[in-house]
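All chains, full assembly: derive it from the sequences and hints.
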Amino acid sequence: MTTRVVVSGIGLVTPVGSSLEEFRRAIYSGKPGIREIQDFDTSRCETKVGGTVTEFNPHSVLTNKEIFRLDKGTQMAVVAGAAALRDSRLLDNGAIEDASELGTVIGTGTGSAHSVEQSYCAFFTQRKIDPFSIPMGMHHAAASYLSIKFGLRGSGLTVSTACSSGAVALGAAFHEIKSGRSRRMLAGGVDASLTRTHLEIWGSMRVLSSQNEHPERCMKPFSRNRDGFVIGEGAVMLVLEELESARGRGAPIYGEVVGYGCSSDASRITAPSVDGPMMAMTRALRSAEIGAESIDYINAHGTATYLNDKTETEAIKRTFPQRSVPVSSIKPITGHMFGASSAAEFVAILLACQLGEIPPTVNYEQEDPECDLDYVVAGPRKTSVRYALSNSFAFGGHNAVLVAKRVE
Amino acid sequence: MQHTLDTLLERVTAIVAENLKIDPSAVNPDGDLIDDLNADSLDALSITMSLQVEMGVSINDEQMAQFRTPRKIARALWEQMQGDPQKVCQG
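Chain order of the listed sequences is X and F. According to this note's numbering, the residues represented by the first sequence are 1 to 408, in order. According to this note's numbering, the residues represented by the second sequence are 1 to 91, in order.
These aren't lab readings, by the way, just hints derived from the structure by calculation. You may find that some hints are simply not true.
Straight-line alpha carbon distances no greater than 27 angstroms define the calculated DSS-like cross-link-like pairs of lysine-lysine that follow [as the list claims (entries may be wrong)]:
#1 F:LYS21 x X:LYS128
#2 F:LYS21 x X:LYS149
#3 F:LYS21 x X:LYS48
#4 X:LYS310 x X:LYS31
#5 X:LYS128 x X:LYS178
#6 F:LYS72 x X:LYS48
Some chain F residues near chain X, calculated using beta-carbon distances under 10 angstroms [stated by the list, open to error]:
#7 LYS21
#8 LEU42
#9 MET49
Label pairs and their calculated CB-CB ranges [what the hints assert, rightly or not]:
#10 F:ASN38 x X:ARG249: 13 to 21 angstroms
#11 X:GLU97 x F:GLU18: 32 to 40 angstroms
#12 F:ALA26 x X:GLU55: 28 to 36 angstroms
#13 F:GLU10 x X:ILE269: 52 to 60 angstroms
#14 F:ASP6 x X:SER210: 54 to 62 angstroms
#15 F:GLU18 x X:ASN57: 19 to 27 angstroms
Given the structure is predicted, the values throughout are model-derived calculations rather than measurements. Note that the Cβ used here is the ideal one computed from N, Cα and C, for glycine as well.
This is the structure we're talking about:
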C-alpha cells in the first residue's frame, strides 16, 4: 500500500506573527511585515528595512539560561517547533508522544549568524573567548536543540542549500516517511541573519531593494520596476507523518505532501538558470505522479530581483506550455527569510489547497514583457486548488520544488 | 579589593548565578553545580573562565574537576590566593 504523507502540525515565527492565523491573515490581506530596522545602526547601509520579528517571546518555551546560550535563530526554531508539535497533538504538558520515533530535519542558509558574528567580534576586538561559541554557532544548532529540548530521538539532519534549505528539508522528511524509514518528522527552515554585516554584504551584491521610504511597498515581484528583496527573519516548522497515524490521533490535517523534486543548475554561482528550475519542477511532478495540467497554483520563488523573476517566468512557461497557471509570490509579506521562506511558502500552498483561495502578489505595479504569466495581483483569487506547487531556488544553483495536494 | 573567604564566596556565587542565568539567591553555597543547579560541562568551563578573568588566577583541569560547589570553589581560590600574595589584591 502506498504511504500517504500529510502535514499534521504547523508552527511559525515570522515578521507577520507567530500563529498560523496571523500568517494566513497577512498573506491573504496583503499586509507586509516589512519595517525600518531598529536593532542596529543602519546609517551605512543602503537598505534600512527588513522583515523583522517584533513580537517574539522565547520565554514561553525556553528558560533564561537557554535563551542566553542559544542563537536567535535557534530560539525561533525551538519556539516554532514547539508550536508545531502542540498543533499536531504530539506535545502535551511537556511530554511528546513517541518521541523516540520522531526525527528532525532542518534547513538553514546562514546558520547561527548572530552568534558567529558576536564570537568573531568579541575575539578580534577584545581577545575574548566564550566556550559556548561553537555549540551556539554551529549550523545544526537548531536541529540539535529541538532534539535535546523535546527528547526527539529519530534521525537528525541539517541541510544548507541557501534559499531552498527549508524546501530541501521538507523534501528529505517527505522521503524519510514515504520510504518507511521514519514514522514522523519535525521539519522546516530557519534563518535569523538580520545583522549589520549581512545587510551590508547582501547590499553589496545589489540584490536588495533600497526603497526605504515605503518599507511595505519595496518588494515588487514580477513588476517591471522591481529592484530586489529585503531580508526577513523567522522559523517555520511542520510535522509530517503518515496519514492514518495523524488521523488516529485526531490531529489536524493541513494537506498532503505528494511530490518533491530537486536539481542543480551546474552553471553560475549566483545567476539563476532556466533549465535547472525546469528540471526541479518536472521531477516534482513526476514524483507526485501527475501531469503539468493538474497544477492549479504555483507559489513562485519570486524574489523581485531582475534575474530571478525573469528566469523563473521562463522556466514556468516551458514546464507548463499548455496553459497559464496562476502564480503568486508571498515574499513581499515576510521578506526573504531564506531557509524559513521556502517552508513558509509550502504552508502558503497548503492554505491555498485548503481554502480554495490563492494569496496575492502584493506591490505589483508595472507590467514587464519578460514576466508575462498569470500573476495573481489584485487581491486573493477564489478558485479550486487540488494540487499546488512551491518553487524555491538558491544561490549555488540548488533548486527544490514541493507539490501539495488537498486532502479529500 | 582584598578578599576575605566570605567576600570571595559572595563573588563566586554571583559569577555562578550570572553564568547560569539564575538569581544569586537561588544559589546554595553548598549545592552541587551539576546535580543541584543543572550546570553542564560547558557551564563549568564558562564559570571557570569568568573566575580566571575576575580573580586573575590560573585554574587547571584538575582544580576545575574539584569545583563542585560554590563554597569549595571559594575555598580553593582562597588557598591559591594565600599562596600567591600578588593575587590577593585582585578581583
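Exercise. Could you check the structure against the hints above and give me the numbers of any it violates, in ascending order?
Key: Failing hints, ascending: 3, 5, 6 and 10.
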